Every structure is written in structure tokens, then in C-alpha cells.
Amino acid sequence: MNVQVNRTDHELMTAVARGNLAGMSDIYQRRHRALFRFFFRLTGRQTVAEDLTHEVFLRMIRYRHTYQAGDGFEAWMYRIARNAFADQMKKHRLETPAEEGQLELVASNRASAFDDMSKQQDLATLYRALRQLPEEKLELIVMSRFQNLTYEQIGQIVGCETGTVKVRVFRAMKEIGKIFGELRKEKAS
Amino acid sequence: MTCGRAKELMATAWATGEPDIDLRAHLTTCSECAGEMAQLSLLWERLGDIPAPEPSAALTARWESSLESMISARRGTSWRFSLSALWPQRPVWQVSIALTCLAVGLVVGSLQSRGGGTSEIAQLREEVASTKQLVALSLLQQQSATERLRGVDYTAKMPAMEPDVISALVQAVNRDPNVNVRLAAIEALTKVSSDPGVRRSLVSSLTTQDSPMVQAALIDYVMDARDKDAMGVLKDLTSRQDLNPLVRQRADMAVQRLTEYK
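Residue numbers (the numbering used here), protein chains in the order written: chain C, 1 to 189; chain V, 190 to 451.
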């Protein structure tokens, strides 16, 4: 499928809202990887992340009439994504953290990143620490560190001030540090 | 700068990759914040090393299939969708539209019945009546007695008789060779028995009629019309010996009745 590079997400989504559903194809091409990674990092599961990604694009079509230029396309899309994730959590509580093996499976295509064994072990520990974060903090770290969303955008998505987002991100990072330190101590002992 | 503000700036520094001047200044004076900044910045960097997973090809295949089916379903129902989009979803608006349509219908119907509609119907009725008269007059001219009788029957069904029709019926009473037609014409003219001109014509016809049945019918006509102007003619009939005795008796009875009327 050819992505129409000249048209912005906003223009494409406006056309979709007017009934041109074919425009969703281009939006999918641009956004499906980011959404999949967002969900994968929240759930730690490939199939669940793919199901949620699919669901978000379906919801974009279903709720296309609610699309407004106001906060921008990205904020609108992530609001839908958060709602889809919340609904999923209500239905199937994902309490079991992702296994370390899943990280290794994901990383298998990037062997160069794990050439150093100790670094690989550290990274696996960090991943476990990330997975142990409370849901709200994990979400903030995923959005700010992995999805490359600005604090202002995150504020629009979760509905709070930019300053508040920054403080929460700091606290979340501090908690990761604490968990990471504890996990390393466990491993060392 | 407070340590609280420094925490915000630290988060900004992780995102931008460059600490703010004010933050740098604070870190030189606050060892606690400096320690947090060093530790958490390293952690932030390490998080970036966590590999980015890739979705499977099955996700794209599934999405393309879903999108295709939605587009084709939409094509099939596009006209229905566009019509339904015009209809409001809120019941309040639906009821309002229904009541508005009803009110408009009543007003339009009322205006039509008062105005142009009535005149058009009246015009139509006039045209129908005119056509009926033409048919009746035409039938009264026919050679066939049956057709002339149909003509008389047509005039009897008319709500109002035009002078042309009355004249044609009087002509029929006076001149039609068929007794039944003459009798039917006299019967039809009972509708206009209040017309003195018609009564005069029929009274004068009494003297020229040769059929006893027609004479009797005419006597009944003037008697029912209580036409005292016919008294002279009726008295003449009672004394005529060439008349049918029954006709003379009927004329005599008519004279008595008319005499009784005041």
C-alpha cells in the first residue's frame, strides 16, 4: 500500500470522518507499529498487543465522528488506545508479568544489542523492573520514553497539567530505579 | 530553585537530552538532586536499549481484511446511511418534525379547501352540469322515443334546470309525438311548477293536447301547483263533450279543489 506522504494524519482522519474509509489504510501504515509497541510494553504479550492494536483502528473508524483537530491526531489516537487497554484490563486482568523469555524472544532479532552477556542480564533485569511498575506509572514511562510523546501531549492524553506529568515521570523513574536496585541485589545474592 | 522544580527539569532534561541552565546550577549546589539526576539519567538511557518489538504480518493481513469488508459494506448501504443521517437521533427532534409535518399538512389542506380548491370544484361541477344539459338537449332531439325519454330522465336528475332545458321540456310536452315522452316531460317540469311562465305554457298546452292521459297529467299538474289562473281553461274542459269523460271529471275535480284554495 502506498502511503500518501503529502497528507497529514489530520487531513487523512478528517477525510475518514467524512466517510472516506480508505484513508484508514494510510493511517494504519504510519501508526500500527507505534501502537503495537505501546501495547506490547504495557502488556508484555505479543498476541494481546496485536489484538489491541487491531481494536484501536476499528474504534478509530467507529468513533471517527468524534475526531476534532483540537488536541491533534496523536492525542486522539492515544486516548482511544488507553480506553481500549482499560477495557481489556477489565475483561482479562493481566496480572501475571511478562516472562523474561519474552524479552529474549523479542530481542533475538537484534543480537548486536546483547553482545555483552552482563549487559544483556542487566537489560533483562531492567525490563523486569519496568514490568513491576504500577500500571499508571508504567503507562507514563512508555509514553514518554518509548513512544516519544512530549509531556504536553501526554498531559492532553491523560488529562493533567504538563508540570504534573513531569513530576509523575520523575517519580516513576525513581521507582524503577528502586525496583531495579532490589532485583540486582536479589540476583547477586 | 526548589528540589521540586528541579525534578520537573530533570524529566525535561531526559526528554531533550540537555539539562537546563537553572538545573545545572541547582545540581552544583544540591548533592541529593545531583545523585538522583546521575542515577536516573543512566537508567533512562538504558531503557532505550530495550529492543523494540515488531508486530507480526498476521496483524496487517487481519486489518486489511477488516478494512476491506467495512468499505464494501459501506458501499452497499451508502444511500441508506445518507438518508438515516438526515433523520435526527434524538426523540425530541423526531417528535417535533412529525408534529411540524402534521401542522403543515392541516394548514395546506385548510387553505386548499377554502380557496382555489373550492372554486375549482365548483367550476368542475358547472362543467359537468353543462355537459349533462347538452347531452339532455341532444337526446331530446333524437328520433328514437327511447332516446328522448333518456333525455327527459337526464333533466329530471339535474339539481337545477337551465332555461334552455325548461324550454326543451315544454316543447316536448307540446309537440312530442310520443305520449310517454310528453308524460315524462310533464313529470320533469313539476320541479319548476313555481315558475308562472312554465305554468302558463302547460295550461295553454291543455287545450291542444289530444291524449286523455296527457290531459289528465296536465290537470293534475295545475291542481298540484294550485294555479288559479288555470281556472278558466279547466272550466272550458268540463263543458267540452269531445273530451274523455274521465278527463272531464278530473277537470271538474280540479275546479272544485282550486275553488277551495284561498
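Please note that a few of the clues may not be correct.
As the list claims (entries may be wrong) - What the simulated footprint calls covered on chain C by chain V, stretch by stretch (three residues with Cβ under 8 Å from a Cβ of chain V suffice, anywhere in the stretch; the number is not a length):
#, segment
1, 44 to 50
2, 59 to 72
3, 75 to 87
4, 126 to 134
5, 172 to 179
As the list claims (entries may be wrong) - Computed, partial: chain C to chain V, Cβ under 10 Å:
#, residue
6, Phe40
7, Lys119
8, Val158
9, Cys160
10, Gly163
11, Glu182
To be verified - Counterexamples of contact, computed for chain C against chain V with all Cβ distances above 12 Å:
#, residue
12, Thr8
13, Asp9
14, His10
15, Gly19
16, Lys90
17, Asp122
18, Arg168
Bear in mind the hints are in silico, worked out from the structure with no lab data behind them.
Nothing here was measured: the structure is a model prediction, and the numbers come from that model.
Beta carbons are placed, not taken as given, at the ideal position from N, Cα and C, and that holds for glycine.
Status of each hint after checking the structure:
1. 44 to 50: holds (count 3)
2. 59 to 72: violated (count 1)
3. 75 to 87: Answer violated; 0 residues pass the 8 Å Cβ test.
4. 126 to 134: Result for this restraint: holds, n = 3.
5. 172 to 179: holds (count 4)
6. Phe40: holds (5 Å)
7. Lys119: holds (8 Å)
8. Val158: Given a least distance of 15 Å, the restraint on Val158(C) is violated.
9. Cys160: With a closest approach of 13 Å, the Cys160(C) hint is violated.
10. Gly163: holds (6 Å)
11. Glu182: It is violated, given that the least Cβ distance between Glu182(C) and chain V is near 14 Å, above 10 Å.
12. Thr8: holds (20 Å)
13. Asp9: Given a closest Cβ separation of 17 Å, the condition holds.
14. His10: At roughly 20 Å from the nearest Cβ of chain V, His10(C) sits farther out than 12 Å, so the non-interface label holds.
15. Gly19: violated (8 Å)
16. Lys90: holds (23 Å)
17. Asp122: Violated, because the least Cβ-Cβ distance between Asp122(C) and chain V comes to about 7 Å, which does not exceed 12 Å.
18. Arg168: violated (9 Å)
Comparing the model with each earlier hint shows violations of hints 2, 3, 8, 9, 11, 15, 17, 18; every other hint is respected.
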